[in-house]
Amino acid sequence: MADVRQIVIDIISDIAPDEDVSNLDDAKSLREQLDLDSMDFLDIVMELRKRHKVEVPQEDYPKLATLASCVSYLSPKFATV
Amino acid sequence: MKYDAIVIGAGMSGLAAGIRLAMFDKKVLILEKHSIPGGLNSYYQRRNFDKGGVRQFDVGLHALTNFIKKGEKGKPFSKLLKQLRLSYDDFKLCPQTHSKILFPGVELKFSNEFELLLSEISEKFPGEIDHFLKLTEKVRSFNELDLSITYSSSRAVLKEFIKDELLIEMILCPLLIYGSAWEDDMDFAQFVIMFKSLYFEGFGRPEGGVRTILSLLMKKINDLNADIRFKTAVSKILVNDSGEAFGVIANGEEFYAPVILSSIGYPETVRLTPEVASTPRIGAMTFMESIFILDKKIPLHQNDSTIIFYNNSNKYAYRPADHFFDSSSAVICFPDNYESQNKEGEGTVRITFMANYSQWRELDKSSYESMKNKVGESSLELMKKLIPAFDGKVLFQDIFSPMTIERYTWHLSGTVYGSIDKTRDGRTPFKNLYIIGTDQGFLGIVGSMLSGISMANLHGLMGANEI
Chain A
1 MADVRQIVID IISDIAPDED VSNLDDAKSL REQLDLDSMD FLDIVMELRK
51 RHKVEVPQED YPKLATLASC VSYLSPKFAT V
Chain B
1001 MKYDAIVIGA GMSGLAAGIR LAMFDKKVLI LEKHSIPGGL NSYYQRRNFD
1051 KGGVRQFDVG LHALTNFIKK GEKGKPFSKL LKQLRLSYDD FKLCPQTHSK
1101 ILFPGVELKF SNEFELLLSE ISEKFPGEID HFLKLTEKVR SFNELDLSIT
1151 YSSSRAVLKE FIKDELLIEM ILCPLLIYGS AWEDDMDFAQ FVIMFKSLYF
1201 EGFGRPEGGV RTILSLLMKK INDLNADIRF KTAVSKILVN DSGEAFGVIA
1251 NGEEFYAPVI LSSIGYPETV RLTPEVASTP RIGAMTFMES IFILDKKIPL
1301 HQNDSTIIFY NNSNKYAYRP ADHFFDSSSA VICFPDNYES QNKEGEGTVR
1351 ITFMANYSQW RELDKSSYES MKNKVGESSL ELMKKLIPAF DGKVLFQDIF
1401 SPMTIERYTW HLSGTVYGSI DKTRDGRTPF KNLYIIGTDQ GFLGIVGSML
1451 SGISMANLHG LMGANEI
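These protein sequence lines are chains A and B, in that order. With my numbering applied, the first sequence corresponds to residues 1 to 81, in that order. With my numbering applied, the second sequence corresponds to residues 1001 to 1467, in that order.
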């Protein structure tokens, strides 16, 4: 079983290398805690596709708002990869 | 040959777009007419007759606007770094000392700290500082990235806030000459972009000039194995009967792709397509620049500004020169006055005047050369007037005209800021063909790269072209 939480954190730290990702609150929105804009969320989606062949359609972007929602939304997708 | 996307032009926006597409495994082809990258922000060399070897010159880049300090977040430049996965240190940015707007009897200094401009206005226009603060609030809260904004006059907005006409002229002067395709005025959305990038954020220069940026971008392009071809001019954009662009012809060869991003200018792009109902208009603003290499640097006690925006009357005329070139206003750039530049050795000064394309175009070879010499003489006269104590000698001078700009950038009429008909969302009359760069209305090096990035994201990566 893939560690989806860690996968998302790894992607974020590659996209925004200056951000501190060590103390993220899973329930709080990522945007509130980090300097991420809509361009960065696109990059998270693009990296998920590139690295893990996981597709996130545009209407589902809001489901990536928090780490917890990322895990619950993406885990089933990783299970089928 | 089939690709996922074709980018026309390897300037700042085209390279940035190409990098974004290649980063996510799109098969991208970048086609450039010139033999080197950069477009309007490029470089050239001249043989150095006294010392042998060659001298390298930048064109375009006086300054990289949108300056930030390392670690600053949420700014255009920091977005650019993240999107292209570049690090701040790669740019080796040297901040400006300060720059100034110099009108008869009054000057306003500004720097990378906005407070300097505020204190200058408080001191020199005490009745206007509250009005100016209200204007800055409007600028700060304005969303210039909204792609649906239509043209509104900056002068009209400024007059709502500021009473003193001289102050309006002085605020507008650097913003117009560093970005306006329109004469004497500019679109308010562009005013906001320029205000933020010049006055809120400020100027820096990469050590090594424009080549530092271009080599960073070219390294990315090469690392990502993007296909980039120089000396390859697109002669035709292929459009099918349903009005969808599907490829280009370059050097006689056909290339196909479902998305085409063109950075060569809006009017220049539609010249390659089938006829359109209304052709985007070519702007009239064009410039010339004299570059002087001096036998020593100008000492800081004689001039400590990085850029001087000079005007010899109370009214700033931003329009084509009446007679070839206009020395009554100028931008004088002192690249040696970026901090941490070497203070020894030869000095450089660049002086830009507004020009008149249609007059330059009529000159025969010998009158062209003698007119260029007049430009050089007027530039030196202005430098003498502004820095009378400097006793250095000119070792070398080179002058480019609107004809030079047209010849090397293929911008019709030698425009620098492009068409006066912008396409803010990049759309053209043809499906799958999008404009990036200056004619999308984002300005400066950072602006054009962000334009390429955002259009590549929207039309190349998110698949909006399929909607």
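Just so you know, these hints were derived from the structure itself, not from any lab. Fair warning: there could be bad hints in the mix.
If you want a taste of the chain B side facing chain A, the calculated C-beta under 8 angstroms gives, among others [said to hold, decoys possible]:
| id | residue |
| --- | --- |
| 1 | Asp1025 |
| 2 | Tyr1044 |
| 3 | Lys1069 |
| 4 | Gly1071 |
| 5 | Gly1074 |
| 6 | Lys1079 |
| 7 | Gln1083 |
| 8 | Asn1457 |
| 9 | Leu1461 |
| 10 | Met1462 |
Here a beta-carbon is modelled for each residue, glycine too, at the ideal position from N, C-alpha and C.
We went through each hint and held it up to the structure:
| no. | hint | result |
| --- | --- | --- |
| 1 | Asp1025 | 6 angstroms, holds |
| 2 | Tyr1044 | 34 angstroms, violated |
| 3 | Lys1069 | 12 angstroms, violated |
| 4 | Gly1071 | 6 angstroms, holds |
| 5 | Gly1074 | 6 angstroms, holds |
| 6 | Lys1079 | 6 angstroms, holds |
| 7 | Gln1083 | 6 angstroms, holds |
| 8 | Asn1457 | 6 angstroms, holds |
| 9 | Leu1461 | 6 angstroms, holds |
| 10 | Met1462 | 6 angstroms, holds |
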